[in-house]
Amino acid sequence: FKKIGVLKERTEGAISLRCKRARAEARREYARLSRQLYKTYIDPKDAASLV
1 FKKIGVLKER
11 TEGAISLRCK
21 RARAEARREY
31 ARLSRQLYKT
41 YIDPKDAASL
51 V
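In terms of our numbering, the sequence shown has 1 at position 1, counting the first letter as 1, and numbering is strictly consecutive.
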């Protein structure tokens, strides 16, 4: 699950910025992408254990 790790790192980097707008966008983007990844690669039963 390297992709999720990379997304998380990038998002955490953006969240550390002071700009609230950038932070909100990064959070939204991360949520959207992670939902996409879960749908694509992970069986729903397994998704709960990764959260």
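To be clear, the hints were calculated from the coordinates, so they are not data collected in a lab.
Some hints here could point you the wrong way.
[Claimed, not checked] Quick list of in silico lysine to aspartate or glutamate cross-link-like pairs, EDC-like style, CA-CA up to 16 Å:
1. LYS8 to GLU25
2. LYS8 to GLU29
3. LYS3 to GLU29
Going through the hints against the structure:
Taking the CA atoms of LYS8 and GLU25, the gap is near 14 Å; set against the 16 Å cutoff, the hint holds. Taking the CA atoms of LYS8 and GLU29, the gap is near 11 Å; set against the 16 Å cutoff, the hint holds. A distance of roughly 14 Å separates the Cα atoms of LYS3 and GLU29; the hinted pair therefore holds under the 16 Å criterion.
Hint compliance for this structure: no hint is broken.
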